[in-house]
Amino acid sequence: MGRTKNQPEGGQAPVVQRVRLRYAKRGPLRFTSHRDFARAIERAIHRAGVPIAFSQGFTPHPKISFASAAPTGVASEAEYLELGLRARVEPEALVKALDAALSPGLDVLDAVEAHAPGSLADRITASRWRVELPGVSDEQLAAAVAAFVAQGEVLVERMTKQGRRTFDTRDAVAAIEAVSSQTSPPGAVGAAPCAILDLVVRQVTPSVRPDDVLSGLRVVADLEPSAPHSLRSARATRLAQGTLTPQGEIVDPLEADRDPVAIGER
Amino acid sequence: MRGESVFPQLEQLLPLISKPIQYVGGELGAVVKPWESATVRWVLSYPDAYEVGLPNQGVQILYEVLNERADVLAERTYAVWPDLEKLMREHDVPQFTVDAHRAVGDFDLFGLSFSTELGYTNMLTELSLAKIPLIAADRDDSHPIVVAGGHAAFNPEPIADFIDAAVLGDGEEAVLEITDIVAAWKREGSPGGRDEILLRLARTESVYVPRFYDVDYLPDGRIQRVVPNRPGVPFRVHKRTTMDLDAWPYPKKPLVPLAETVHERFAVEIFRGCTRGCRFCQAGMITRPVRERSITTVAQMVHDGLEFSGFTEVGLLSLSSADHSEIGDICSGLADQYEGTNVSLSLPSTRVDAFNIDLAQELARNGRRTGLTFAPEGGSERIRKVINKMVTEEDLIRTVTTAYSNGWRQVKLYFMCGLPTETDEDVLQIARLAHNVIKSGRQATGSKDIRCTVSIGGFVPKPHTPFQWAAMERPEVIDARLKALKNEINSDRSLGRAIGFRYHDGEPSLIEGLLARGDRRVGAVIRKVWEEGGRFDGWSEHFSYRRWVDAAAEVLPGFGVDLDWFTTREREQAEVLPWDHLDSGLDKDWLWQDWQDALTEYEQDDCRWTPCFDCGVCPSMDTQIQIGPTGHKLLPITPVNTGLRVPAGA
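Protein chains in written order, with numbering that gives the first Met the number 0: chain E, 0 to 265; chain R, 0 to 649.
Check before you lean on any hint, since a few could be wrong.
[As the list claims (entries may be wrong)] Simulated crosslink set (BS3-like; lysine-lysine; CA at most 25 Å straight-line): (1) K185/R <-> K32/R; (2) K95/E <-> K251/R; (3) K130/R <-> K485/R; (4) K485/R <-> K447/R; (5) K411/R <-> K485/R; (6) K95/E <-> K252/R; (7) K85/R <-> K527/R; (8) K384/R <-> K587/R; (9) K160/E <-> K485/R.
Derived from the structure by calculation, the hints contain no laboratory data.
Produce the entire structure from the sequences given, and follow the hints as far as they go.
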């Protein structure tokens, strides 16, 4: 859309640098929703004195774009966003300034200047998740995983904004493994077991989330934690997201910008 | 162990409920101290949902004032929604603080701030989830001392059974004094237990301890007398007044939540108190005298608060912000300082006065134009004299027309319905006024693209006001008047289309009236309603009129009174009012005279620019009006962009 005659006079300063960041959502603050985080980062940008650029128009918005955000309640070590800046900054200083301006638990981990072509979203094809399942034993989980892998399709239901939807969870799962748990997680009640699931899920539409895979495990193997736990109190953490290689590894989407030459040669 | 975090238990429940972020804390400005580091531990609550309670200025100020003391820790708790309440009861998770997720029952003092009486049922939920006995007399030395504050504490009689103490007036110094008394008592080994500490607090004459007063009733249900039942307990308890607001520039570190809340801005109180003398306004009566914050302190607070919080919106708050003696310089000075930034400045609803348009113009210089709201409160000239809102129709038309001519497309007008002496005609006059506003606006701008919204609130007579003796109107009458008003507004279709109409039904106001002017007998109604499931009564989707009416019908006849007796009954001069032993500084004879003046439509001036009219506050409270001008100006500089703020040592 071009400028219309109703646009206010004068303009906002142009973007001179784009910086991409990786951040984490940890502990209690994993309950921060995406909307909540968007407000928090805007305020942190003001507090930290980041020279953020604004969009044009009557209600200018700061130039912040997010790559796929983890669901509310899911912790993450690998969330990504991009900032458009009206003055250049050192990415390292930006990490420190923004991290200090955010609540502990919302932690900025890494930043690079955008060089390589393609958006962050283009470079994200899969995520690795770790799911702690209080009240589930290692054996129970291993059996459920084996049953899940043996299926060609595992249909589950979830309420979405469009209503109840049924979709397959099996195809999106690139890797699934029950990891042996040695100790109970902090806060575990008594000596309750706590199995751990390691999961690589491809970015598909409709999206398949870790809790959908748990629903799938329930469908194929009746996986249910012992009371008082429920599958909904499982604790999921996104460990990585990025480009899934044929070898099954996930490449950090910031890598391409760190070494633009290498990208060009590829 | 006391002070232990209950988060591991709570965490299991959070994935099962809506908006879990409101229960996890983690706000900027939040303070978590080691339990053992403090001698005195406070938990503060605004008993409503987090989204409403968090922005509350009173709680934020006390939280910061208390936490600045090394030997004190203060945390916060809010009302939990019914989905979490149910799970907490099932899984035995106690009412918790959002700061360190400690059990509320572990603290020494539990302070609740009530700006509305409709929070009373939520207090009972919090007490019950905290496993603190609902009835104060049932508590022992292991339970926190439950202290009520806020405007509703000026008549805490309906909750007298549930609280241990109440503090009237400004809290900044009061909480520190209470802290010192509790600290000294604890250092002595808590001699005499709960009874002794409450007695020590009561003897200060500024902490009200209901259990030390007996209430006797006359055969007809009226109060005969309220008298202390212990030696050393004062006959009257006095309100607290913080003088010199420049010495108390709080909040310095406003709480910035992760969850969305009702006010997403940094609010600076530019003065406290108001002597405009609107007769319905409890806030204006109980916060006298006017005490201004100086222009330089206001500017410093705005600067520091924005830098700390990252908020981009600033509200310059008070009961009537345009009345600050240097409001013009404050607005233009701040507008200069923040020109070219993305900070927006706003004044809350303002007096009907063209001067306000100039102020709003200044504040809008930065691009974002906030809404304009005016409060004539009464539709007819006559009723405005009754309520002492000195605004003529000419003032209103001129002010609003100026706003339209200066580019505002929409203004809001606030009115009240159910005022003393009000007739159907007084209310219908609101329609005529709104029609004239639109007609003059169209004439002035030559455009049909202007609107106004008429917003109507129900009048509730409040203690310590000249209307404390007034009868409330019945809800059916209120609803009929509002319906007639709506028809009258739409009687001219061309004008009616440009007028929005918002109102509240009469029923919730009647219950607010019961709670506002109730006495100790109303406590049983509150408890009954709570037991029947009453929660979040300030929310229309949770409020049940039926539940209140039924509970009142069940409980009150046992005392020989009923709902009407408390609400639609006019009181006589000689009647002992439930709050007469609580001293707001206002002379009861002056209040009665002002009530008589209201009935004869006689207006009262403002003591800031006319001689003192002896309302009684300054001499009895040993206070005085503190207003400028100071003559200081803000330097016309724009804050320099200093680049990234990287923390030292990082």
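Checked hints:
Of the supplied pair hints, the one linking K185/R and K32/R holds, its CA atoms being roughly 19 Å apart against a limit of 25 Å. The straight-line distance between the Cα atoms of K95/E and K251/R is roughly 24 Å, inside the 25 Å bound, and the hint therefore holds. With a C-alpha separation of about 48 Å, the suggested pair K130/R and K485/R falls outside the 25 Å cut-off, and the hint is violated. At roughly 21 Å between alpha-carbon atoms, K485/R and K447/R fall within 25 Å of each other, so this suggested pair holds.
Between the alpha carbons of K411/R and K485/R the distance comes to roughly 16 Å, so the proposed pair stays at or under 25 Å and holds. Taking the CA atoms of K95/E and K252/R, the gap is about 21 Å. The hint holds against a cut of 25 Å. As the CA atoms of K85/R and K527/R are separated by approximately 19 Å, the hinted pair is consistent with the 25 Å bound. For the hint linking K384/R to K587/R, the alpha-carbon distance of about 21 Å falls within 25 Å, and the restraint holds.
A distance of roughly 37 Å separates the Cα atoms of K160/E and K485/R; the hinted pair therefore is violated under the 25 Å criterion.
Against the hints set out earlier in the document, violations occur for numbers 3, 9.
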